[in-house]
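If you want the building blocks of each chain, they are given just below.
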Amino acid sequence: MIAAALTFAFACYGLALLFNLWRIIQGPTSADRILALDTMVINIIALLILYGILQGTAVYYEAAMLVAMVGFVSTVAYSRFVLRGDIIE
Amino acid sequence: MDMTFLAEALIALFLVISGIFGLVGSFGLVKLRETMQRLHAPTKATTLGVGGVLIASMLYFLLVKGSLSFHELLITLFLFLTAPIIAGFIGKTYMLRHITRDDLPASGREYGWALYDAAPGEAPEDTDKA
Numbered sequence: 118m119i120a121a122a123l124t125f126a127f128a129c130y131g132l133a134l135l136f137n138l139w140r141i142i143q144g145p146t147s148a149d150r151i152l153a154l155d156t157m158v159i160n161i162i163a164l165l166i167l168y169g170i171l172q173g174t175a176v177y178y179e180a181a182m183l184v185a186m187v188g189f190v191s192t193v194a195y196s197r198f199v200l201r202g203d204i205i206e
Numbered sequence: 058m059d060m061t062f063l064a065e066a067l068i069a070l071f072l073v074i075s076g077i078f079g080l081v082g083s084f085g086l087v088k089l090r091e092t093m094q095r096l097h098a099p100t101k102a103t104t105l106g107v108g109g110v111l112i113a114s115m116l117y118f119l120l121v122k123g124s125l126s127f128h129e130l131l132i133t134l135f136l137f138l139t140a141p142i143i144a145g146f147i148g149k150t151y152m153l154r155h156i157t158r159d160d161l162p163a164s165g166r167e168y169g170w171a172l173y174d175a176a177p178g179e180a181p182e183d184t185d186k187a
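Sequence lines, in order, name chains Z and C. Counting in the numbering used here, the first sequence tops out at residue 206, every number present. Counting in the numbering used here, the second sequence tops out at residue 187, every number present.
What the hints contain is simulated information worked out from the structure, not anything from laboratory work. Please note that the accuracy of each hint is not assured.
Unchecked claim - Here chain Z is said to cover these stretches of chain C; the calculated rule only asks that three of the stretch's residues, wherever they fall, bring their Cβ under 8 Å from a Cβ of chain Z:
hint : segment
1    : 95-103
2    : 130-143
3    : 150-156
What the hints assert, rightly or not - Short, incomplete list of chain Z residues facing chain C, as computed with Cβ under 8 Å:
hint : residue
4    : F125
5    : I162
6    : I166
7    : G173
8    : A175
9    : Y178
10   : A181
11   : T192
12   : S196
For every residue, glycine included, the Cβ atom is placed at its ideal position computed from N, Cα and C.
Chain Z extracted, bound-state conformation (with noise of 0.2 Å):
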């Protein structure tokens, strides 16, 4: 019961993934684009841990909070850049 329920989540988040590259490429305003890559790296924070239980290990953690963490900067760095036309001032 597991297996199909990952198996659906894996689905699911795969196709959020492609929904957001839509949006990257589509996407009218930078504020879109900041958006979308910031929904991304949520996406792939999820199906890493949705691979953690896959592999029934505790090693993914360490990578989805890099991954969270990474992706907070970034997204603050990207907002900034566009805000003030700097990112440390």
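Got chain Z; can you put chain C on it based on the hints?
The following block gives chain C in isolation, referenced to the frame of chain Z:
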């Protein structure tokens, strides 16, 4: 035997619910019309979806593997803390390019809007030069 079935059903339920939430969040990103509307879908639904995945992972390692882990709570806390900050930054990014000062009402305070006016400590002439 019955308890194992119950635990597996609970984990599978959380996995399915979180998958649907994640899909709805990203589908909203595609479907909604305005940028400010699009801001709502990923910041709420996708964050909830990841929270569901993390709860399922915690339950799986607790009930099936028999070991309690708190890493997931750390990731959940981090995501729930950063989601509103990111939403605020992206909203300001959109406002700077697409909403002018005249579209907004007066702030009703001594100081104006943070995005368009100088910070309270600074003199307006300094910020104009910089």
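Compare the structure with the hints numbered earlier in the document and write down the numbers of the violated ones, lowest to highest. The structure conflicts with no hint, since it agrees with every one listed earlier.
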